[in-house]
Amino acid sequence: MTRSGRPSRNPGHERPVVVRAGGFVALQFDETGVQSCMLAHEPYALALGYTRTMVGFLLFQPNPRRISIVGLGGGSLAKYCYRYVPDAVITAVEINPDVLALRSLFQIPADDERFAVICADGAHYVDSSDHRPDVLLVDGFNAEGVPPQLCSTAFYTACRRQLPDNGLLVANLISSDSGFRRCVCSIRAVFDDAVVVVPAEDSPENVIVFAWKAPAASLPLDESLALARVLETMHPLNLRETAIRIEYGKRIDWEERTACPRT
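Following this note's numbering, the numbering of the sequence shown begins with 1 at its first residue and continues without gaps.
Quick caveat, the hints were computed from the structure, so don't treat them as lab data.
Being a predicted model, the structure only gives us computed values, none of them experimental.
Beta carbons: idealized from backbone N, C-alpha and C, even for Gly.
Please note that the accuracy of each hint is not assured.
Said to hold, decoys possible - Derived CB-CB ranges, DEER-like:
hint : residue 1 : residue 2 : range
1    : Ser178    : His41     : 19 to 29 Å
2    : Arg65     : Asp193    : 34 to 44 Å
3    : Arg65     : Pro109    : 11 to 21 Å
4    : Asp222    : Glu14     : 20 to 30 Å
5    : Asp127    : Asp193    : 16 to 26 Å
Make a model of the complete structure from these sequences and hints.
Printed below as a string of structure tokens:
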């Protein structure tokens, strides 16, 4: 999700709206928040900058075996991973059946041996399932922003527990949302500060959080740039820009900005 203005104040109004304009197909809950966006002529491309930043997970997990996604939306992340990370088994979890009903419109692949979409509460799924994803992408929103159950310490504790020792969590947050500070502080507390908070590409409000189960898993910039050059031969992305963006995120004093209590 990416936000373009003040959020609506209409609790419970979760029916998605499809907007077609200028060669794009967008999924929205209101006039201010774009849940997902697809290029009509290139449905597997990552049209929104924040999704391209999230796929920066490739700089740390270039060949993941399992990817879990909380929040399907229009399927941008799921479709990209399905096409460009061909050795990964991908599970996407979406709570809203009205969103799932738009699956064919957004050209999301059918379930097969390496791709599955589940209608469930993402927080409950992560806490109760026995999946062990190498990469866990969290991009779950409703009309009000990140649901409280996806901001809690309990949720991120479950995320960390399910990850293998070299596993990576990547979460999309909106800095203007009321729950932003709570989300960042919960992640920092659970992941023992093995966290980088990164301003997303092409969005003044989206912030992408990378969190590692193992400490010091982030690569030095020169190694990230070298890996990005290799990955760019297989991915239609500017991963060197993403590597620089992540390095920039390391230098921002997010502790001061969020005033997270020390644990």
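**OP:** Against the earlier hints, flag every one the structure doesn't satisfy and list their numbers going up.
**Re:** Hint check: 1, 2 and 4 fail, others pass.
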